[in-house]
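Participant: Residue-level listing of the chains:
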Amino acid sequence: MTERSEYKELSWQGLWKNNPGLVQLLGLCPLLAVTTTLTNAIGLGLATLLVLVCSNATVSAIRNWVPKEVRIPIFVLIIAAFVTCVQLLMNAYTFGLYQSLGIFLPLIVTNCAIIGRAEAYASKNPVKQATFDGLMMGLGFALVLMVLGAVREILGQGTLFDGADLLLGDWASVLRIEIFSFDSKFLLAILPPGAFIAMGFLIAGKNAIDAYIAKKQPKVETDKTIERVRVNFEG
Amino acid sequence: MTFWIASSPHNHIKAATPSLMRFVIMAAIPGVFAQWYFFGWGTIVQIALAILFAVLAEITFLAIRDKNIKSQITDFSAVLTGLLIGISVPSLAPWWITAIGSIFAIGVVKQLYGGLGFNLFNPAMAAYVLLLISFPLQMTSWQPVNSLLVDDISFFNNLWLVLTGYTWEGFSVEQIRMSVDGITMATPLDTLKTDLTLGLTVNESFANPVFGEFIGLGWEWVNIGFLLGGLLLIAKKAIDWVIPASFLGSLLIFSFIAYTISPDSSASTMFHWLSGGTMLGAFFILTDPVSAATTKKGRVLYAALAALLVYLIRKFGGYPDAIAFAVLLCNMAVPLIDQYCRPRTYGHKGVN
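Heads up: the sequence lines are chains D and A, in that order. For what it's worth, our numbering labels the leading residue of the first sequence as 1039, then goes sequentially. For what it's worth, our numbering labels the leading residue of the second sequence as 12, then goes sequentially.
Among the clues, some could well be false.
Result set (DSSO-like, lysine-lysine): computed pairs, CA atoms no more than 30 Å apart in a straight line [unchecked claim]:
#1 D:K1244 with D:K1223
#2 A:K326 with A:K81
#3 A:K326 with A:K247
#4 D:K1223 with A:K308
#5 D:K1254 with A:K78
#6 D:K1253 with A:K326
#7 D:K1244 with A:K307
#8 D:K1046 with D:K1162
#9 A:K326 with A:K307
#10 A:K248 with A:K308
#11 A:K308 with A:K326
#12 D:K1166 with D:K1106
Residues of chain D placed beyond 10 Å of chain A at every Cβ, according to the derived structure [stated by the list, open to error]:
#13 E1044
#14 L1088
#15 W1103
#16 E1107
#17 T1169
#18 G1201
#19 D1208
#20 W1209
#21 D1248
In silico contact screen, one side only, chain D against chain A (beta carbon under 7 Å); selected entries [as the list claims (entries may be wrong)]:
#22 F1170
#23 L1225
#24 L1226
It is worth saying that the hints were derived from the structure and are not from the lab. Predicted model only: the values in this text are computed from it and were never measured. Quick reminder that beta carbons are idealized off the backbone N, C-alpha and C, glycines included.
My request is simple: use the sequences and hints to build the entire structure.
Facilitator: Structure follows, in structure tokens:
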């Protein structure tokens, strides 16, 4: 496989085919818990993306020196170090968002999507590809978070970018869009059950699109064998 | 399981789905009548709205799913779901509450799971819970019993109130809910719960006019109405008597235990039987053939679990009534209950 098509494949896998949120269903806890508003979703998505890129690069860089027997604790330590950095940075620069994300920021350490990529891809591949893979997987995860956050915020409060100033600074409060206003909020969309229902619809939507595409192109592709180990971690 | 061997001619009991559903709908009439008598035309308006939206949603989703619309509409299951939603929604709730509930019940709870016979949860109760946690304010605004109101509300005013939020003369829901003394009225269950947290005893709380002379003005008759309809259903063998018997019996046991331990802070069994949605739940909702347990032993367990949950949530929970929550939680437990209550297969020893 040439390097170019390797990158293409990595993007395809991370953003759509093997999306951590929609297909692997990893990191569901933060995915469902913090996506009450678009701003929260972007904040957590960016934090996860940053950690994923850095941890993938580091894991890949030291892959030849890590003994196989203790690799998981080492990966966890690396991830925890980066999460701590991100947490301190957010504490310093986006304090409001740091507070509204709460416990879910340090909990990125236990996000299976990150350790899954470290184990399944980064520990077996060179730094460049591993970093790119982290970027694509992180983007895929962040996109799902953002869609979910946007849907829930619109349904729940009728707004978009509510509290964007917490993430981007004071100027960003002009970003707040009031799509429609209710007398009473649709609380279900903001509560956890609404997150599960919305997530179910997102996954169903993705499957429907896949089925539609598959139906539109009947057997054009020859059987390409993709030499790639897809490891799905439970957690 | 017993096999009775009977010689021919065999008489087929014509228990097809449509006739069963129609019969259940008719059996709800005494309860609905009592609700209309005490809570005014709002009840009828809500039921009509709920049935309308439920049927429309059923037609829409069946069309999307490419199913035979005519045969599935005429089985009256959507009408029954609508009826149950209309009964449980407060009579003064705005129309969009009922619409959201009906569409959610049919679209998400029933059709997304595969239609009638495949739904894990009771559609009407799932919709009720959705509404209750999403719109707590509107969903708890029950109108006080007619006799406690300043003036009667006409049918037209009630319709107008549901559609616009104000009566024709411009009174809001809050103003309507004021009693003669100018105090907003709650349901008996709600009142009792609030009073107990304020440190009153049950007897002191019962001095409140919402309780009337017996258990709860109006509510007792609504429950008796549903009890009558339910007994009719049992007499005609439309529902299994085990579920209501186990439910009401367990509720009796639990409330009796609590009453013997602390009579001042526990309401009597009669209060639990005849307030809120107890009878509706016991005879019309827990007995839903799709989402209830299927074996005899399983049904006893299922209904007893529901009674325990109802009692615990009413006594310790944050919401005043608990039928809907208890039913949903029990629906979730049904596969497990059925797994462990499998009857012995004929010809085999013990549990397979």
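Participant: Now tell me if each hint is right for this structure.
Facilitator: Evaluated hints:
1. D:K1244 with D:K1223: Within the cut-off at roughly 28 Å; holds.
2. A:K326 with A:K81: 45 Å, violated
3. A:K326 with A:K247: Violated: K326 (chain A) and K247 (chain A) sit about 35 Å apart, past 30 Å.
4. D:K1223 with A:K308: 43 Å, violated
5. D:K1254 with A:K78: 24 Å, holds
6. D:K1253 with A:K326: The given pair, whose Cα atoms are some 55 Å apart, is violated under the 30 Å limit.
7. D:K1244 with A:K307: 42 Å, violated
8. D:K1046 with D:K1162: 18 Å, holds
9. A:K326 with A:K307: Holds, at roughly 29 Å.
10. A:K248 with A:K308: This hinted pair holds, its Cα atoms lying about 18 Å apart.
11. A:K308 with A:K326: Holds, at roughly 27 Å.
12. D:K1166 with D:K1106: 22 Å, holds
13. E1044: 39 Å, holds
14. L1088: L1088 (chain D) clear of chain A: closest Cβ-Cβ about 35 Å, beyond 10 Å.
15. W1103: It holds; W1103 (chain D) is separated from chain A by about 49 Å at its closest Cβ, greater than 10 Å.
16. E1107: The claim holds: E1107 (chain D) sits with its nearest Cβ about 40 Å from chain A, beyond 10 Å.
17. T1169: The claim holds: T1169 (chain D) sits with its nearest Cβ about 41 Å from chain A, beyond 10 Å.
18. G1201: 22 Å, holds
19. D1208: 33 Å, holds
20. W1209: 34 Å, holds
21. D1248: 19 Å, holds
22. F1170: Hint violated; F1170 (chain D) Cβ to chain A Cβ min 38 Å, cut 7 Å.
23. L1225: 5 Å, holds
24. L1226: 4 Å, holds
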